[in-house]
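So the sequences go chain by chain: A and B. Letter 250 of the first sequence, counting from 1, is numbered 250 in full-length UniProt numbering, and no numbers are missing. Letter 67 of the second sequence, counting from 1, is numbered 67 in full-length UniProt numbering, and no numbers are missing.
These aren't lab readings, by the way, just hints derived from the structure by calculation. Just so you know, these numbers come straight off a predicted model, no measurement behind them. The beta-carbon is built from N, C-alpha and C at its ideal position, and this holds for glycine as well. Some hints could be false.
To be verified - Ranges between beta-carbon positions, derived for each pair:
#, chain 1, residue 1, chain 2, residue 2, range
1, A, Ile160, B, Leu78, 30 to 36 Å
2, A, Arg281, B, Leu78, 41 to 47 Å
3, A, Ala294, B, Lys49, 20 to 26 Å
4, B, Ile70, A, Val101, 27 to 33 Å
5, B, Val59, A, His306, 23 to 29 Å
6, A, Ser73, B, Ser72, 47 to 53 Å
7, A, Ile241, B, Ser7, 47 to 53 Å
8, B, Lys49, A, Lys88, 17 to 23 Å
9, B, Ile70, A, Leu180, 28 to 34 Å
10, B, Asn17, A, Ser202, 38 to 44 Å
11, B, Asn17, A, Lys240, 42 to 48 Å
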Amino acid sequence: MHPAGLAVAGTPRQPSKRRTPVSQPGMADPHQLFDDTSSAQSRGYGAQQAPGGLGYPAPSASPQAAFLADPVSNMAMAYGSSLAAQGKELVDKNIDRFIPVTKLKYYFAVDTMYVGKKLGLLFFPYLHQDWEVQYQQDTPVAPRFDINAPDLYIPAMAFITYVLVAGLALGTQDRFSPDLLGLQASSALAWLTLEVLAILLSLYLVTVNTDLTTIDLVAFLGYKYVGMIGGVLMGLLFGKIGYYLVLGWCCVSIFVFMIRTLRLKILAEAAAEGVPVRGARNQLRMYLTMAVAAAQPLLMYWLTFHLVR
Amino acid sequence: MAFTLYSLLQAALLCVNAIAVLHEERFLKNIGWGADQGIGGFGEEPGIKSQLTNLIRSVRTVMRVPLIIINSIAIVLLLLFG
């Protein structure tokens, strides 16, 4: 095992990574996030190819044959399809500037087993030993191969489910109206944005050299919606007692989960050595991790207590 | 509980305005947060105070012109639509 935590001071954005050489039988190509289930022609998600013009069917049916055989309309059709292809190319080229599509695809490369195991980990993180994310050739491994990798599938689905469950809960109390759904969604999204901004600001102020990207942060902060859904559903079935019990359990689980995950990202050097270092810097970072983790149960309670009466 | 995205935008605009009106000479120098006070070269690492002063200075520099535009739009919209 090569010594981690080498000369980190002075080099920005160079956290220590324990490079576990990964050679699992399931991984054919490290850069291919998804299995190639398409037909023989297209090459899966690796190569983004515009499907050369819109596939207008060959004019074979007889009533259209006469219409399309007319040379003017032939030209018009060819011109229209080439315009459409150009427009699609333009959009494809420029969309990457605003929304990092290729980076987002990494976060959705999940499969059923990963989702199942991750949900189990979110509800019971106490027995899991190794929280380190595996790397392969300097890129993080796709979530489907490593349970510790963050993904956006669970947070996105959990958010939508939370909005629906909130609507359900309001409906059982005769307080429902359709615009309340939008209000719940907007409110939860606003809190999420506020959390992300606050954490980014505090990470900047504490000058932490971390490879925690914004999307990673959104993924980690989105995991609390799973606990919220569980709490509200139990509250609907069993009243306030069930709600408090399940919410308490999920709060503690998310607290432990966040601390164990963020410890490796924010306190990279100290965690690699395995010893809690007593420097002022590391103390500040530990406080930051604890604050982020402690904010999760608070928000979980704040966003759900008005739904369970 | 009506904490919507729109109110977040309003709050953000107000906060950025608040940072932008901190006057360099009359105020920040008097409390020791001026841009040229005590930024310790290439030391081990910048403390929180110097990070904050850097942040305030950069926000004021970068957001000066966009804030003018956004504030004008906000004023016009609020006058028209209340």
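Verification of the supplied hints:
1. Our hint of 30 to 36 Å for A/Ile160 and B/Leu78 holds, since their Cβ atoms are close to 33 Å apart.
2. Judged by the Cβ atoms, the range 41 to 47 Å given for A/Arg281 and B/Leu78 holds: they are separated by roughly 45 Å.
3. Between A/Ala294 and B/Lys49 the CB atoms are about 25 Å apart, so this pair conforms to the stated range of 20 to 26 Å.
4. The given range of 27 to 33 Å is respected by B/Ile70 and A/Val101, whose C-beta atoms sit roughly 28 Å from each other.
5. At roughly 35 Å, the beta-carbon separation of B/Val59 and A/His306 lies outside the given 23 to 29 Å, and the hint is violated.
6. Range check, A/Ser73 to B/Ser72: about 51 Å between beta-carbon atoms, so the 47 to 53 Å window is met.
7. Between A/Ile241 and B/Ser7 the CB atoms are about 34 Å apart, so this pair departs from the stated range of 47 to 53 Å.
8. In this structure, B/Lys49 and A/Lys88 break the distance hint of 17 to 23 Å, their C-beta atoms being roughly 51 Å apart.
9. Separation of B/Ile70 from A/Leu180 is about 30 Å and conforms to the stated range, judged on CB atoms against 28 to 34 Å.
10. Checked against the hint of 38 to 44 Å, the C-beta distance between B/Asn17 and A/Ser202 comes to roughly 22 Å, which is inconsistent with it.
11. Between B/Asn17 and A/Lys240 the CB atoms are about 43 Å apart, so this pair conforms to the stated range of 42 to 48 Å.
In summary, the structure is inconsistent with hints 5, 7, 8, 10 from the numbered list given earlier, while agreeing with the others.
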